[in-house]
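Asks: Work out the full structure: start from the sequences and follow the hints.
Chains as they are written, first to last, in the numbering used here: chain A, 42 to 370; chain B, 42 to 370; chain C, 42 to 370; chain D, 42 to 370.
For the record, the hints were derived by calculation from the structure and aren't laboratory data.
Same chains, same names: a pair is fine if it fits in one copy or spans any two.
List of simulated lysine-lysine pairs, PhoX-like, C-alpha gap at most 25 angstroms: (1) 204 to 94; (2) 272 to 220; (3) 183 to 158; (4) 155 to 183; (5) 318 to 331; (6) 331 to 272; (7) 73 to 159; (8) 183 to 220; (9) 220 to 73; (10) 110 to 129.
Number of protein chains: 4
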Amino acid sequence: MAGVLRGTKNLLQGLHKHGHSALVSSRTMASKTPVGFIGLGNMGRPMAKNLLKNGYPVIASDVFPEACKEIQDLGAQVLDSPAEVADKADRIITMLPSSPHVIEVYTGSNGILKKVKKGSLLIDSSTIDPSVSKDMAAAAEKMGAVFMDAPVSGGVGAANSGKLTFMVGGMEEEFNAAKELLTTMGTNIIYCGEVGTGQAAKICNNMLLAIGMIGTAETMNLGIRLGLDPKLLAQILNMSSGRCWSSDTYNPVPGVMEGVPSANNYQGGFGTTLMAKDLGLAQNTATNTKTPVPLGSLAHQIYRMMCARGYAQKDFSSVFQFLREEENQ
Amino acid sequence: MAGVLRGTKNLLQGLHKHGHSALVSSRTMASKTPVGFIGLGNMGRPMAKNLLKNGYPVIASDVFPEACKEIQDLGAQVLDSPAEVADKADRIITMLPSSPHVIEVYTGSNGILKKVKKGSLLIDSSTIDPSVSKDMAAAAEKMGAVFMDAPVSGGVGAANSGKLTFMVGGMEEEFNAAKELLTTMGTNIIYCGEVGTGQAAKICNNMLLAIGMIGTAETMNLGIRLGLDPKLLAQILNMSSGRCWSSDTYNPVPGVMEGVPSANNYQGGFGTTLMAKDLGLAQNTATNTKTPVPLGSLAHQIYRMMCARGYAQKDFSSVFQFLREEENQ
Amino acid sequence: MAGVLRGTKNLLQGLHKHGHSALVSSRTMASKTPVGFIGLGNMGRPMAKNLLKNGYPVIASDVFPEACKEIQDLGAQVLDSPAEVADKADRIITMLPSSPHVIEVYTGSNGILKKVKKGSLLIDSSTIDPSVSKDMAAAAEKMGAVFMDAPVSGGVGAANSGKLTFMVGGMEEEFNAAKELLTTMGTNIIYCGEVGTGQAAKICNNMLLAIGMIGTAETMNLGIRLGLDPKLLAQILNMSSGRCWSSDTYNPVPGVMEGVPSANNYQGGFGTTLMAKDLGLAQNTATNTKTPVPLGSLAHQIYRMMCARGYAQKDFSSVFQFLREEENQ
Amino acid sequence: MAGVLRGTKNLLQGLHKHGHSALVSSRTMASKTPVGFIGLGNMGRPMAKNLLKNGYPVIASDVFPEACKEIQDLGAQVLDSPAEVADKADRIITMLPSSPHVIEVYTGSNGILKKVKKGSLLIDSSTIDPSVSKDMAAAAEKMGAVFMDAPVSGGVGAANSGKLTFMVGGMEEEFNAAKELLTTMGTNIIYCGEVGTGQAAKICNNMLLAIGMIGTAETMNLGIRLGLDPKLLAQILNMSSGRCWSSDTYNPVPGVMEGVPSANNYQGGFGTTLMAKDLGLAQNTATNTKTPVPLGSLAHQIYRMMCARGYAQKDFSSVFQFLREEENQ
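Replies: Here's what the structure looks like:
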């Protein structure tokens, strides 16, 4: 689809340069008008709740109607399809599991773009391939709407407490309008550049995170085998050039830090299967742009092997456990 | 040799437990008695100068007599062989390029152990295989001397300014005696555990450093290809979970930071060939201890390929350049 | 697109089971009726010539009209678009560089499916993502046509001599009809299974080929460094369990074999950039099916790095040269 | 030890050139004089039996005296130490698990070299680091004896049936003398070059074998996921450029071939832990010679991870199982 739509997009980029101010002026900018929210999973639900808490009427939809129950009880209106939401709200946030879901919710037969109003602001917080974000933006622009990608970091805890980080890509003129809504759900709202760069930033960060985590796990394991105390080794790394977030904030070795998944048998946190998904996106974008990512690629493979060996639901720091010798060997 | 000496070492460990206090008491502990220094290369020379500056008479030796010229002019005594130095000084520091040199300087026919005095303190600051450090410690103990490994981090600049970090392995009772000398050359003197753990800490740190650097290089490269501004991407990573020393302190992308090798065409800094050497040590210790180090191993291979392709003398952050598309492709 | 079309395809699979015999009967099965051919590049041109040589009238089209000149001189009819070809011929072969070209040629505004006749047989010999083959098959089926994927192995030489290997995926009932045409261009016509399995077989073979080639290159390089004569080492490997096609038929070390690219400064053969493309397809299908391919993934990265370092146009066996120490190091 | 002995070896190489003919003439060349055999493990026992069967009196020794029982019953004389064997036999074969054992058996306090006769022929069939072979050869030469490395391929079955392959390194003038003995135990006796090249050839073969096996496993797994029948895929690979010993002779996928470990739940064959050991040797020699071996290195890491996850005792083709999704995922 990327390939097919790209031609269209280029046409639209020209149009966009000349016609944009008209788009902006036609949208209802008055605050506290209804906000659409599509995708009420583990992340979407608390996000929508924070919109409600901040006084925004919410018009929601999800393929699983029961997912809407909680925010319906809190006053949200629930509709049957993305198209119906788009008919009622000119600012819509989507939070979906993967690229195909996003394509369906935007361009499907009951998708947002079937009934989107001119000038609507469409913010997608899903983590997906940046080229799909670009395709969606081009398709939205054809209908006179504005699409921005705004993936999050921070997990369910941050979604509940309204402390997510949003990495936002799209037209700079629209960033403030997006920020107004996103600040109800997050504390860091970062403008990254044109459409797709929010995804790019998210994917890049998570690729480097995965590399740092596996690197920390194998380094700690090697040090322990060589007779170093794990806490002391972590201290030495953290005051030296080996320092990284995985060594100083989320150490994967049980007993080194408290309040992290390694202290709790790798329960909670960020699941290996989710990390494998993000690394798959990184790999795809690297392949498509012909960029060598040797360590990112191997990190992807290691998390994929872990999924095959029973680690799918454990926190991604459990790679430390995966690499250690089994007890009865 | 490791295998052969290990049996001996175990015998000696028993002996050591009972006989150690005698060793300690027999050494001249009075400060400012002569200190031996063997190995006056780019690192050893400024280290020896700092000993002289702090009032320690230095008795030096090097296979290249001209290397001794500078500190001889500053008042050091120069002798022909490690054995002769050991005959005159009961505290000796060695700073040599690799394991075989260390073996030769300690156990060779004109080596330190040929004439070492009972109770001497032998501190090796070379970066070598920890199993060789253990062998040297066992051989030294057989002669009634104490061997400690104390590799450094910090490079020539830190050696000149006396701001090295020393990671020290060996008998805890001897740590203060070693620290007295090492503080003249460094600001961080860290006790890591039994003999060999200084090397282990150094090797572990540099392995994680190499992983972080290549990871940062490929992540920055991918982000740039995806349309992100490199400075902005570095900022995002540095406030997120992708943060590491290579992204926030030594960024490999020209234009992101000042005062780092990437700002100076990868001149200076820590050469790729030196990083490849340290990764070779990490790989050897991992192989010998049967520890899986998948990313460390691939990092080793990448630095090895870079050496084969003309990057041997550039700073190790030049991996960013190595991974980028050539201009005329 | 894959995701979007997949739902459609499932519907169509039901339809296909009941309605297929009708499709078959409606096609002109008489031999020597015109055959359409779209994509007259280095591979397509000699393939179309072999169809002509075997007495098939050819109706051709290419985005670069000059590419059609040669076969036009040999009697082929040249039309302006895939749609026009589809209007005239009910058996069409396509040979295109990548997935987006295939999507455009089949589903674009002047694509085959705009004017395809019911019961037409569409054979795609491009090497592309198997999921795109499945999408094309579903789209073709919606128009009452039959799509088969039939990628080739063998290169330009085999295309000229009519000795290609075709790996064919699609409805088994149609295999004989496809084989009739393909035997004019190839000697091995292998039925692989349902649509997409031709691509799968091609991609799998090339991934294992790349792994074997890099493995052979690094093994030969290591052996030479350890003092072995390269010809002798190749002999030993070839009579032992290290044997593979790259060691016994296409050895990458200059001087070991004659008549292979390594004997001719890595000119000719199968370019590194083409291998990188096929490994990108392998990586994408592996990512999409969540299959760990650690060595295939690293092979992809190595060929990608080679493209970045000036090896894009050399034969893929030049990885031996890439891994060797530069002369002036 | 390598480093220490290397100087000695260079001295001896000079000596060897001039004085060698004397060494040769001083040895008992008459056939059927006693042959020493040290190391009666799973491989050594059947090898020694084949010597006996061929009429050679055998004088044996092993650290575990019970290992000698079987060949003692067949007529072999058993002595207490390698030194005593060397005192009685001037042709000795050693078959030991690893480098440290070889160092001990040759240079230890009761080692062969303590009592070796001038002109003795010492053949080591262990698989060890080639640099240790060189050290042993130098030490033997100092005592007037000749050392050759002659590692085997073929496993216990081939050892029993006398069908091993020997890869022999050492002085070419001695090859025939070695061959006379080795032909009683093997069918292929290959002269590889100077001392250490037998090991080099063995290590190189096994590294490429490991790469081919993992490559085959991941390729077959990917193909199956993409809908290909495993037997068909194996056939396609085996007639194409993906062909290798692991795909056509020792396929890792259950059901594709009979009579291989994959047909028997990966019992028997060549254990993962043994492959990991050989890959460790390959990695060490590559590191020491600064040779990049990216796939060999990753193969090593994968077999090391498998050992950590319970695959140590399974045949090395079980990597197919390791990479597959667990059933209850």
